[in-house]
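K.L.:
What follows is the residue order along each chain.
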Amino acid sequence: MTLKNICILGGGTAGWMTAAALSHKLRRTGINVTLIESEQIGTVGVGEATLPHIRFFNQTLGINEATFMKETNATFKLGIEFCDWGRLGDRYIHPFGDFGQPIDNLDFHHYWTRLRLSGDNQSLFDYSYPVRSAEENKFHFPDNDLNSVRSTFGYAYQFDSFHYARFLRLFAEERGVTRVEGKVVATHQDDKSGFITRLTLDDGRDLEADFFIDCSGFRGLLIEQTLKAGYQDWSEWLPCNRAVAVPCEARGPLQPYTRATARKAGWQWRIPLQHRTGNGHVYCSEFISDEEAHRTLLDTLEGPAQADPKQLYFKTGRRNRFWSKNVVAIGLSAGFLEPLESTSIHLIQEGITHLIELFPDASCGAADQAEYNRRMALHYERVRDFLLLHYVATERNDSDMWRYFRNLTLPDSLQAKIDAWKHRGYVPTYNQSLFLPPSWIAVFVGQNILPKNYDIRADQLDIETVRQRSKALSQAIETHVGTAPSHAAFIKDYGANIDSQAARA
Amino acid sequence: MSKLAHILVCGGGLAGWMTATALDVQLPPSIKITLIDSPQTQTHDIFYGTVLPPTAYQFFLSIGLSEPIFLKQTHSSFSYGTHYLNWGRVAKNWVQCHQLPLPVDAGVPLIDLITEFEALTLEDYLITAQAARQGRFIHPPTDASHPMSRAEYGYQYLPAELLALFKSKPRSDRFTVHTDTVSDIARTDQHVSALTLASGMTITADFLIDAQSQIEPRLNAPQPRKGRKIMVMETSQPAATLGPALRQIKCNAEGWQSLTSLRGQNHLLSLSSPQTRITIEQNPAPELTLATEPLPWRGNCVQIGQAACALEPLTPAPMIMLQRDIERLISLIPLSQDMQVEAREYNQGFQADAEYAGMFNQAFYVGVSGYDSEFWQDAQSVPVGDKLSRKLAQFEGRGLHVDYDLEPFDALDWGILHHGLGRRPARKNKLIRSENTETRIAALGVLKSHIAQALPSLPPHSIYMDKLLAYLARTQ
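Those protein sequence lines, which keep their order, are chains H and P.
Mind the numbering: the first sequence is residues 1 to 505 in the numbering used here, read in order.
Mind the numbering: the second sequence is residues 1 to 476 in the numbering used here, read in order.
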């Protein structure tokens, strides 16, 4: 039975990313895609940072990078700077890239540990080109010569997600997606199958479709309110349940990285865009009042606030079933994980990619649903574990929240990872994961969880040679960072800079 | 806690010698290595099969064995894969060949496109399969525009010869060999404190590696093995000319038979269930139980190779497992007597690898029309796990390849197997069909004729080998 009509409920980043992707992928199939959104229902849109995978999303749609950056006030992103996580006063950058280069097939960090245990105190982060570039506010595209240190990194973007959604809306509508303005007031299901057959809007119109994509945000109007898929609450692991966000005037050089500063009951983000800086304070209402959370945010802005603070509520977790009957939930309706490692848009992208791979026919077979749910559950769980690591790899003890984490019993899989790292610097590569070993290593070392020992093979090379090679690498990095262009100048030369007058609109 | 000082490898077969050699090459000289070699002839190494996968080249290099030495010191030849001539009762015929994955064209993997259109024949796009059938071989050229640059290759070999090669390699001073048998094992819980040998010598070690296949006594005391039993009989026939770079397998009700083309001889192997054997008084054919230990590493002792996971040599799976075991072990060599972390990580990695390797082998039997015989019934009554079910369901439903972390067999391997067995998706893939199909099929047509044009200029395997050996004799 063929599928003829798809309805996406909800605009915002999730809705329009889905619409854009489907408008491209389904362009020759004759399948109709409609998107319902209401101007009355605001979208979350508080300025977003992303992961390198998003470049592939844009490329697949044939989106020009410079154009996209201009339309979304985007800057480049080399990683995230974490402040005050391991200890107050500490800082480190989790980059898109590896640390050093393997020697004799053995990862560099084992040699670094060997040097450290023999008295050497060079930071592991000195062996990362993207870290040092970010620290000096430099940026250029990765070199094509894979032997050059200048090729050893990836990059993503920081942009205004409201503008991104608008940009993708244009893309999607140009390719045949029909936008319907309205609010859904009723849903109708087939008596036998329970499949959703149509939606009734506030103006009385009915919209029929064979398949629905629920991008209605936290409410999950279709997946939860209608189909009652259920929600797994992860507040025990990640208790933050509110955020307050506000943009402010930018100060200082344009930085090619996001900042996440740990606070006493949560953490605060800073996302530099071309026209202004996005800020937010993610916090747990058990450990701090709204009023104090707002004050913390407003008191620490680098420049004057440019709007009223926006209050958000959320519950960390995931839908029990992402795909139920003829509905797939993508975006906030699928689940929520705090944006500590910029995963929100990425999880939307994964939701869309797997939907396309497992593209349904009108009967929505159980095997397809099960496979989709298995894949998405794995993605959410692995991100959860990585985020939890940030909170527990710490010596902080200075507030109720930090003490809560000290006393938390971790999921076995996470505890095992921490133990393996501490014991001998081992990070298993078996977990096909968004966050590969270099990411885990960045957080471990950045937050002072250092291995007691190292892989025995690192002893094969004499220590003087190890020292010399390491020194050569860190020097090469310094040299190239020194001659790299500044982030702001690069954006301008690339033609991705916005007209600053127009931007204030 | 004191640092690890002494590793003991127990087992004089391929697994033991390869492991000990790997340790000798890769570990710093402060660690003592002892191997307990067996005075008896090895009977179980043949269960590793007679083909090595493409990963063998790099693996051998990492343990100090170069391809020229390997070729010169054995009668090994090259392998583009295995030709299954008549698999199952409906006699499926295909070449399970080694090749880099087919390209992805604007988001659509070519293998998926070929699966979607029944008129297309996968083998038309597999240059190694065609070259192998035609008896040809060359090393993959570095020129990326040559269709053969996407080829991969392994070897046809004899485990006994590979064993002899490792035994003859020079050893460093810290590597000692005792030829003896284990008569007693002193254990406290899962910790092995000492081994007593038949000669009376007692050996202690910090870490012990049991590479004894399924010979008793096992160093730690796990459960008895349960699983399908297989038996092999082998013989060799002299061959004046080297055959194709292709192992050939035929099946019948009793099991399957392979022909491996080596230099100077063809090796014939017959694999069956033990019950169907004809009793041979002098040399009872060796038997293997196809079983996997749930926790190969316990305490200070790890089982490696067949001792931990015994697979049918229908594919290169047994040797792939041994290679992975050794690589995994090297990355987790304990640093002291406290090895709980290493054991846990090793066991986890092992379980995944064993499951995936076993799954590929099992896929030769699931949903295939088999014979009404003990062998086939045994093989086809092994329960199908979740992961394999999902893989098969998705391929047979919509032609989708479901993959898991670091599987030893990739999307192309699985695609070749599915196509070879005649598995096809039940539903049409609307998305693939909607996109540029004429252009893509035309591009496939170009690839097909590129391959057809490139093939005649490739030399026969025998001539290539002669020239290669002559070159090696001159230059090395």
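Calculated from the structure, these hints are not laboratory results.
A couple of the hints might just be wrong.
[Said to hold, decoys possible] Part of the chain P face toward chain H, derived, beta carbon under 8 Å: (1) 335; (2) 345; (3) 430.
[As the list claims (entries may be wrong)] If you want the ones that stay clear, here's a sample from chain H, every Cβ over 12 Å from chain P, calculated: (4) 26; (5) 28; (6) 59; (7) 107; (8) 143; (9) 145; (10) 204; (11) 206; (12) 301; (13) 303; (14) 370; (15) 394; (16) 439.
The beta carbon of each residue, even a glycine, is placed where N, CA and C say it ideally should be.
K.L.:
Please list, smallest to largest, the hint numbers that this structure does not respect.
P.N.:
4, 5, 6, 7 and 14
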